[in-house]
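There are 2 protein chains.
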Amino acid sequence: MRPGATARDEILDAAAELFTGQGFANTSTRAIADAVGIRQSSLYHHFSTKDEILGELLGGTVSTSLAFARAVHDDSGEGRQEVTSAARLHAVVLFDGSQLCSSRWNLGVLYHLPEARAEVFQPFMAARTELRTIYGELGQELTAVCDSDAGLGDTAFRLVESLINLRADGLISADSASATADTVMILAGLKRELPAVRAASSGLISRFGDIPVRTPSRKSA
Amino acid sequence: MRPGATARDEILDAAAELFTGQGFANTSTRAIADAVGIRQSSLYHHFSTKDEILGELLGGTVSTSLAFARAVHDDSGEGRQEVTSAARLHAVVLFDGSQLCSSRWNLGVLYHLPEARAEVFQPFMAARTELRTIYGELGQELTAVCDSDAGLGDTAFRLVESLINLRADGLISADSASATADTVMILAGLKRELPAVRAASSGLISRFGDIPVRTPSRKSA
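The listed protein sequences correspond, in order, to chains Y and U. Okay, so the first sequence: first residue is 0 according to numbering that gives the first Met the number 0, each after it adds one. Okay, so the second sequence: first residue is 0 according to numbering that gives the first Met the number 0, each after it adds one.
Keep in mind the hints are simulated off the structure, nothing from the lab. One or more hints might be untrue.
Stated by the list, open to error - Using C-beta positions, here's what the derived DEER-type ranges look like: (1) Y:R29 with U:E16: 37 to 43 Å; (2) U:S27 with Y:E129: 35 to 41 Å; (3) Y:V144 with U:L193: 20 to 26 Å; (4) U:A117 with Y:S201: 26 to 32 Å.
Glycine residues also receive a C-beta, built at the ideal position from the N, C-alpha and C atoms.
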């Protein structure tokens, strides 16, 4: 039995397995229906095209992290400015990275498929762009109070997404996401502040880590 | 007219355009032959399968950088240990990153295709693994003489490959590769040494940047 409370969830899970395992173009809606054990006509009751399924799956790879990043970004933190600003970026990197490392299927490998440039993927692209923008703003906020270069947020975003490649290469370990968050702090020149930043970052994850978002396709392993 | 002195080069160029533009699975050898303006039977004179073409293209994305990285790794540099070690990693990041940013087609987006796990891609996988290993060794060498964390080389490798994503997102600029090399140095705690490191890195690129390698598929834009 596949995880998921509904037929829709089961379809998404089967599609994710097939898309990441044998490729998007090589997977038919018929094969997805077969993997779920339903008729192809039943699948079309939930999704009108294969693109729509991929769009929803890709959206699921950013929606939880985006909701978390928005909440952290809007929060008016207390405490020392340097630690507070650092903890925001640290928490977003750690949370987003953990999602990418622990999702049931490594769907990020499909981000740059030529097929994923169609109109139906616009909501995903827009969400990913907004997430990238929040990284950039958190980075600027931090750069303003410590000795780090502009572009810190962009570098953080790149390092987080590179966890997708690391996972595809079979090189993910349990602390890959937290090591990435720490790396970003070292890049910001805050190596000595790490214990305080980690503690404040944990606090943000406790407070905002389970905000509800519509993510039918994002399941933890 | 496509770039390339030979029919073989033209086939590789056409295939690279189609694979990155419309997807690997969606491209037939017939379509590649049509794009070159030759018969499909002529294409089979040069390549027996579509996988073989992809394997050669993927290999071309690492072979030049690997040859450069080997040469830099084997070189016994002169000068202050810290700058010498830093310059090696800086030069490899800059050279490899520049290749990925300026190659005619952004073939790196095909690295994590499920289809690219077959036996025929082993030479590419082996070359990419060797390149990653050299990054790791250069990182360790640098970590031994300065205040940077273990894992510096792996982080550098991830940042370089993330240029592929940045390029796919249309966000590459002329200095993306050099900014990435500088970021790695900042991560190593060598921000103040940057001018000296950049100068030594340029020296390495001048000395080893045009070593001959067999890369029929790697062309600069």
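Evaluation of the provided hints:
At about 31 Å, the beta-carbon gap between R29 of chain Y and E16 of chain U misses the expected band of 37 to 43 Å. Checking the proposed 35 to 41 Å range against S27 of chain U and E129 of chain Y shows it holds: the Cβ atoms sit about 38 Å from each other. Against the hinted window of 20 to 26 Å, the Cβ-Cβ separation of V144 of chain Y and L193 of chain U comes to about 22 Å, which satisfies the hint. Remark: the range hint 26 to 32 Å for A117 of chain U to S201 of chain Y is contradicted by a beta-carbon distance near 43 Å.
Hint check: violations occur at hints 1 and 4; the rest are consistent with the structure.
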